[in-house]
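Colleague: Sequence:
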Amino acid sequence: MKYKLIASQRFYREICHAAAHAPSPVWPVFLPEGDRDRARRLLFDWCAGEGQADAILLPEGYADGLCEGLTAPVPLVLPRVHNGYHLLLGERYRALVEAFGGEAAFYTQGQLEWAPPRLAARQNIYLSSAPLLPGLPPRGEGWQECAVQFDWLEQLCAGTWPQERFLVLQPGQAVQPSYRRDVLAAR
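Per our numbering, the sequence shown starts with residue 1, numbered consecutively.
None of these hints come from the bench; they were simulated from the model. Positions of the beta carbon are idealized from the N, C-alpha and C atoms, including for glycine. It is possible that some hints are incorrect.
Unchecked claim - Pair by pair, the computed Cβ-Cβ distance ranges are: (1) P137 to A95: 15 to 21 angstroms; (2) R122 to P25: 39 to 45 angstroms; (3) E141 to A48: 45 to 51 angstroms.
Could you put together the complete structure from these sequences and hints?
Modeller: Written out as structure tokens, the structure is:
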């Protein structure tokens, strides 16, 4: 099996780490940051034109609507998460969002390296990948550090997709939101 993985640049370190340790070849491709419309067009174009991979992996799940309506000529595999931060934090993501009333901003080390944080949120949460991918966490008031959990990302890259954690769409099926605990559904 060979997989194409499409994700945001902000998760570059974590994705490259998981792809490098996968038992099958995983070809990561990164969407540009900043222009959501351009990223959506590229995502749809890359998925529509795929013919060499056995499946396309979308680690950011629903990606806050970025992939709604997406189809591909090969299976699409999405973790049942709202976004990449949810993937890297697991159930702690929901707890943090609830604890701060939706006023939490999440940052990876790579994201902090190429774009300064806006610090507009009540709580800024740094996703630490140490000791696997060491970085220097931000310090000061308004910052909280949370360790990344690689288990969902590793499962995705390994081709192990239990139904309770992943949605596997067959060619012709499209992604749509689910307003239940499973986050995603097929249309």
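Colleague: All the hints need checking, so say for each whether the structure fits it.
Modeller: Hint check:
1. P137 and A95 have their C-beta atoms about 20 angstroms apart, which keeps the hinted 15 to 21 angstroms range intact.
2. Evaluation of the 39 to 45 angstroms hint for R122 and P25 yields a pass: the beta carbon distance comes to about 42 angstroms.
3. At about 46 angstroms, the beta-carbon gap between E141 and A48 stays in the expected band of 45 to 51 angstroms.
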